[in-house]
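*Asks:* Now for the letters of each chain:
Number of protein chains: 4
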Amino acid sequence: MMIRIFGTGGTFDKEYNMLNGRLYFKDTHMQELLEKGRNLVPVATSILMMIDSLEMTQEQLSLIVSRCEQCEEERIVITHGTDTMDQTARMLAKRITHKTIVLTGAMIPIKFGSSDGLFNLGNALAFAQTLPYGVYIAMNGRAFNWDNVRKNKQTGLFEELR
Amino acid sequence: MMIRIFGTGGTFDKEYNMLNGRLYFKDTHMQELLEKGRNLVPVATSILMMIDSLEMTQEQLSLIVSRCEQCEEERIVITHGTDTMDQTARMLAKRITHKTIVLTGAMIPIKFGSSDGLFNLGNALAFAQTLPYGVYIAMNGRAFNWDNVRKNKQTGLFEELR
Amino acid sequence: MMIRIFGTGGTFDKEYNMLNGRLYFKDTHMQELLEKGRNLVPVATSILMMIDSLEMTQEQLSLIVSRCEQCEEERIVITHGTDTMDQTARMLAKRITHKTIVLTGAMIPIKFGSSDGLFNLGNALAFAQTLPYGVYIAMNGRAFNWDNVRKNKQTGLFEELR
Amino acid sequence: MMIRIFGTGGTFDKEYNMLNGRLYFKDTHMQELLEKGRNLVPVATSILMMIDSLEMTQEQLSLIVSRCEQCEEERIVITHGTDTMDQTARMLAKRITHKTIVLTGAMIPIKFGSSDGLFNLGNALAFAQTLPYGVYIAMNGRAFNWDNVRKNKQTGLFEELR
Chain A
1 MMIRIFGTGG
11 TFDKEYNMLN
21 GRLYFKDTHM
31 QELLEKGRNL
41 VPVATSILMM
51 IDSLEMTQEQ
61 LSLIVSRCEQ
71 CEEERIVITH
81 GTDTMDQTAR
91 MLAKRITHKT
101 IVLTGAMIPI
111 KFGSSDGLFN
121 LGNALAFAQT
131 LPYGVYIAMN
141 GRAFNWDNVR
151 KNKQTGLFEE
161 LR
Chain B
1 MMIRIFGTGG
11 TFDKEYNMLN
21 GRLYFKDTHM
31 QELLEKGRNL
41 VPVATSILMM
51 IDSLEMTQEQ
61 LSLIVSRCEQ
71 CEEERIVITH
81 GTDTMDQTAR
91 MLAKRITHKT
101 IVLTGAMIPI
111 KFGSSDGLFN
121 LGNALAFAQT
131 LPYGVYIAMN
141 GRAFNWDNVR
151 KNKQTGLFEE
161 LR
Chain C
1 MMIRIFGTGG
11 TFDKEYNMLN
21 GRLYFKDTHM
31 QELLEKGRNL
41 VPVATSILMM
51 IDSLEMTQEQ
61 LSLIVSRCEQ
71 CEEERIVITH
81 GTDTMDQTAR
91 MLAKRITHKT
101 IVLTGAMIPI
111 KFGSSDGLFN
121 LGNALAFAQT
131 LPYGVYIAMN
141 GRAFNWDNVR
151 KNKQTGLFEE
161 LR
Chain D
1 MMIRIFGTGG
11 TFDKEYNMLN
21 GRLYFKDTHM
31 QELLEKGRNL
41 VPVATSILMM
51 IDSLEMTQEQ
61 LSLIVSRCEQ
71 CEEERIVITH
81 GTDTMDQTAR
91 MLAKRITHKT
101 IVLTGAMIPI
111 KFGSSDGLFN
121 LGNALAFAQT
131 LPYGVYIAMN
141 GRAFNWDNVR
151 KNKQTGLFEE
161 LR
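Protein chains in written order, with this note's numbering: chain A, 1 to 162; chain B, 1 to 162; chain C, 1 to 162; chain D, 1 to 162.
There's no promise every hint is true.
Identical copies carry no separate label here, and so any pair may be met within one copy or between two of them.
[Unchecked claim] Capping the alpha-carbon separation at 30 angstroms, the derived lysine-lysine pairs in DSSO-like fashion look like this: (1) 153 with 94; (2) 151 with 94; (3) 26 with 153.
Source of the hints: derived by calculation from the structure; they are not laboratory data.
Keep in mind that this is a model prediction, so the values were computed, not measured.
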């Protein structure tokens, strides 16, 4: 069972630019994390964009949806900025019903010692292998249904709507 | 859905003793990892022992089995040394049929920068939430059935028997 | 020989705020680094401010100078943002001639795995113990005299003026 | 001013062998540490051996001494296991009087997140640049004279004899 991984950036992939003191995107850390986790699940990784999810355009959102629709794999993990993860999940759910799609990300960049990214990726890969068709957000160890989740901006934690 | 976590030691929890240059067990790193992963899945953690799995006695193995039988929770994650993980899984499967039990561990201690432990824990927690009753080993991103898995001693990777 | 350490912030002490994705100052990491380095040199640490050196006011600069003048210790290490480290060094050199003062900092925050901060602190503490009276900048493994150093903004490296 | 660095192994360079759970020597981490510290001091590095200092033979000790004698550089840093660091220092001091030689090492391997190695290397490089001719041990932030130092086996800290 091959899993398709789509990278879109987000906090997950931010690095520190020592020349100006800002966080920026250089490369994805996906391969590095998969190796660290000693992953053997067959995966095919495509980096679609490297952006802050707050800056995602309509075109970029459409690209994610169409790539998820068109790829051969039925099981997909998307790494995504946490701020608009729920919006992308909603758009995917409207259009795609016969695949298992799991969005995940990180609250703290991988390059920080204290990042949650490796845990979240392990979590998302397991959910992608086991959950039935649907669109989910894997954060904080849980899999939320796309229509019952939001990021609490005060705590940085994901929670159910009801 | 509360998940029971039983800690038994293994590479996962090994630390470096700077006075004699050996690896040893001091404390579990479970709480630290759950916090790093920003886990919100309700968990109840019990440390049953802190040992190298090659040194597990029959009494200790029995303790693990009876604790898994007796605990209220139906979903259980066990952190365990990788060398005899498959043997403990087999013993559990013989005795317990109405619970989902996921054994996981690490090939590299948590205290090393390159540990696979955080990935494996995220993975195991997701499998414990989603898989049907049964006993599984979550390593290398996959969930193996207890009766179709072994650790390849040459590569340090888990693989199916057939 | 007691060494006085003055903390003023800088990249050294920046942390990641996961709620807004920005870098900020929470606490100093001085004690953590001294413990990591297993330091036994007697030190007395005072945090004077926690700021980006580009935002240092005239009052704050004066505070640093007066604290260096007034403290009992003859040997001082100052952690400081790298952008205006040379300016603070110049001001100190104008006013203080009978002490050994070593400014250091980091190009990458301590909280990133790849930080240079621990190396720089070990370096600065050694220079503070051995160099004659004067004001120095300890970066990139070297001790620069206050009147012959600048930060190259293109490379992020410190270099001599002539 | 070029500094010669001789690597001999020690805890500094130990890695974790995941196949047998033992610590071993694979490669030196010297280059990695110099890059992390963003070092610009000109250095020439030679790895003489990769051993536990408790297993150093008379021949290996002689090799270290003769390489220190014969190298062009007047300033030398040696990374060395901490257990017999003082013995090697004594042998060097008997034979070499016109160079500044600084031995350093680590109590915790570089590959552990909590290693003191990066701090010690920054420290040793500064001492090697500033101290007069002599043989020193740079540990715990201090430079000890070769004839007034021992490792306290109970605490793992270096201390003066008198």
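*Asks:* How would you label the pair residue 26, residue 153 (within, between, both, or neither) given a Cα cut-off of 30 angstroms?
*Replies:* Both, since 26 angstroms and 19 angstroms are each at most 30 angstroms.
*Asks:* One pair to classify: residue 151 and residue 94, alpha carbons no more than 30 angstroms apart. Within, between, both, or neither?
*Replies:* within (20 angstroms within a copy, 42 angstroms between copies)
*Asks:* Treating 30 angstroms as the Cα threshold, decide for residue 153 and residue 94: within, between, both or neither.
*Replies:* For residue 153 and residue 94, the Cα distance is within 30 angstroms only inside one copy (25 angstroms; across copies 47 angstroms).
Hint check: no violations occur; every hint is consistent with the structure.
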